[in-house]
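Asker: These protein sequence lines are chains A and B, in that order.
Throughout, the numbering used here is defined as the position within the first sequence, counted from one, plus 4.
Throughout, the numbering used here is defined as the position within the second sequence, counted from one, plus 4.
A few of these clues could be false.
Since the list gives no way to pick one copy over another, a pair counts as held whenever it fits inside one copy or between any two copies.
[Unchecked claim] Below are the DSSO-like pairs computed for lysine-lysine, each with C-alpha atoms no more than 30 Å apart in a straight line:
| hint | residue 1 | residue 2 |
| --- | --- | --- |
| 1 | K246 | K77 |
| 2 | K180 | K34 |
| 3 | K34 | K82 |
| 4 | K77 | K197 |
Hints in this document: simulated from the structure, not taken from any laboratory.
Here the structure is a predicted model, which means the values were calculated and not measured.
There are 2 protein chains.
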Amino acid sequence: MATIALDAMGGDHGAAPAVRAAARISLERKAAVVVVGDQHQIESALRRTRYDAAFLSIVHTDQVVDMAESPRKALDAKPEASILVGARLVADGRADALVSAGNTGASILACARTFERLPGVNRTALAAVYPTERRRGSNDDPFALMLDVGATLDADADTLVAFAHMGAAYAARISKNPRPRVALLSNGEEPFKGSPAIVEAHRRLAADTHLNFVGNVEGVDLPRGKADVVVTDGFTGNVVLKMLEGISETVVDLARYAYRSKLVWRIGLGLLRGGIVQLKQLTDWKQYGGAPILGFDHLFIKAHGRSNDRALGNAIKVAHRAVESDLCREMGERLATALGDAD
Amino acid sequence: MATIALDAMGGDHGAAPAVRAAARISLERKAAVVVVGDQHQIESALRRTRYDAAFLSIVHTDQVVDMAESPRKALDAKPEASILVGARLVADGRADALVSAGNTGASILACARTFERLPGVNRTALAAVYPTERRRGSNDDPFALMLDVGATLDADADTLVAFAHMGAAYAARISKNPRPRVALLSNGEEPFKGSPAIVEAHRRLAADTHLNFVGNVEGVDLPRGKADVVVTDGFTGNVVLKMLEGISETVVDLARYAYRSKLVWRIGLGLLRGGIVQLKQLTDWKQYGGAPILGFDHLFIKAHGRSNDRALGNAIKVAHRAVESDLCREMGERLATALGDAD
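Based on the sequences and whatever the hints tell you, model everything.
Answerer: Right under this line is the structure:
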C-alpha cells in the first residue's frame, strides 16, 4: 500500500486543513498518510475529527518554513523544517510521495537536496492543469497540462524535450490519456517560429516516434485545448497560468456588476445559474489536486497555499495515483529511451 | 494638414475596404489620404462610393506582397511593392504616417529599410491594445497597451527600457492618459523576479523620474488593468495577446452552447443581451484601430489582415492623431532624456 508524506505546516491556514484531509483519506483505507509537523497542533486537530489510526501516523518536528522566507536561507537555518523531514521520509523509503501547501521555492529546493534527478533531467518542471473547451482521455477530462509554470524560467532545447516526455507520461498515467497530444508553445505554428531553443526542440520532438507531437501551438490554441500537454519555459508558463486566473476573476467581477446593474440582467443571470455553477467549478480548477513537480525520482505535489481540506485531499489522491501507477519509473524509462534514440 | 499613406493592396479582402475607408475619411476633410496600389482597382472601387477628391489621391503601383510570402524575398523581388512605395512617400515627406493591413513581417521590414530609427532604439516594437476591467485617461478608456507583441522576440534591458518610454509616450498622446502607469511583465512582483534583462530594466526604470513606473505586474494583473502600459518581450507578448483572442472566442462558444442546450438558458441569455453586446464590443477589440510599430521616426499602423473599412478608418484616425500630436518627436525627446540621464 502506498504511503503519502504530508507536510502539515506550510499552508496559509495552519495544520488544520492538512489534518482533516489526512483524516478523511485514512477513512477510505486505500493509502496511508504520514502527517509531518507540530505533534501538539496535529493531535489537537485530530481530536476534532474522525480518522483511522491504522492509516494515519504523525512525525513530529517544530521547525517550519514560512511563506515569505527566502528558500535557501530558511532550509539552511532549519534542517528539521517539516518540508525537509517529509522529503527525507520519501527518500528513505518510509513514504512514497510528498504533498505540501507550503512555500513553493523552499519545497522544490527541499526536493532537489533530498531526491535524485531522473536520468537526463537537468532541470525540473512545475506542471499545472488548466481548463479547456475540449475533453480528453478516458476520464473525459476538460483539463490540459502545462509545464513548466515557474520552476525553470529559461529552458534550453534539452530541457524542453525532457519536459515533453515527462508531461506525456503524467497525462498518460494520471489523466488516463494514453496518447496525449504534446505541443510546444510558440509565437507561430511554423517549425521555424520561436527562440533557437524552441526551434531545436521542435526538430527533435518531430523526429521522436515515442511521442504524439502535434507541433507548435499559439496562445489562441490554449483555451481551445488543441494540445493535451503544453511545453514551455517557466517564465511564459507562469505568466500564462496566472493570466488564466486573472480572467476567471474578471468574469466573476463582470457577473457581479451585471447582477447589481439591472433587474432584467439579474433575472437573466438567475436563469443561467445552472450553467454558471458548472462554469465556476471548471474555472475554479486550482482546487483540483495541486501541481506536480516532475523530474525527480519521487513525486512531489505542491498544493496551493490557500488549499482547504478538499484540495489537499485531492492532492493526496493524485500522489496516490502516481505511486500506484509507478509514474516516476515510467518517466525515467521514457527519458532513457528518448535519450538513447537521440544518441 | 496631415497626410496618411494607405497601402490598399495587402489585406485579405483586396483594395475595396481600404478605398471605402479612405473615401469616408476624405469626406470628414480633416486629413488627406494617399491610396497606394493598383490604380484600376482603386478607381473601380471609388466609382461605387462618395468621396472628396481634394482629400484623396492615388499613387499607382502594380506590385504587392502577399500574406504568405517571405518578407525579405518579397521585398527584394518587388521594389515597387505597395508597402514600400507607401513607406517611401512618408520618408520623402509626401505623407506623414503609413497604414497597411498587409503582411506584418514585410511591413515592418519595409519600414526598417525606409525610415530612420529613433535615437537609442536598437529594436522596434509592435504595440497592441487589449481590454481590461479598469478605465483610464480622459477618454475613460478600458484598453491597456502592451508592447512588444511580436516584432522583437528576445528583448535585452536597453530594449525594454526604450519600449517603456515609447509606450508611455503613445499612451499619453493617443489614449490621452498624461501619466500612464508603466509596468514590466514578470513572474512575480518583486524586483528580483524574471530574467536578468527584466531585473536590470526594473532597476533602471525604478530610478527614472520621467516615468510613472509601477514595478512588475504578473499575468493575473493583465485583465485587471493594473498597468496602462505593459512592457514585455515579443515572444511573451505574442503568446499573451493571442491567448486573449482565444478566450474571447471560447466565451462566444460557451454562450452558443448554452443557447442551444436549454430553453431556460436561452431565455436567460436573451435577458442579458444588452450586457452581452457591450461585452462583445469590448472583446472585439481587434477592430480598434490597429497596432502601431514604435521605434521609427515615422509612425506605421498595422491593421489586422481581416480589417473591414471601419477598422481601416479607425487605423487612419489613430495615425492622424499621432501626426497631429507629434508622437514620434515626443518619443524621440523622451528617449534622448532617458538615455542622457542614464549616462
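Asker: Confirm or reject each hint.
Answerer: Hint check results:
no., hint, result
1, K246 to K77, "within (27 Å within a copy, 39 Å between copies)"
2, K180 to K34, "within (19 Å within a copy, 63 Å between copies)"
3, K34 to K82, "neither (33 Å within a copy, 71 Å between copies)"
4, K77 to K197, "between (40 Å within a copy, 17 Å between copies)"
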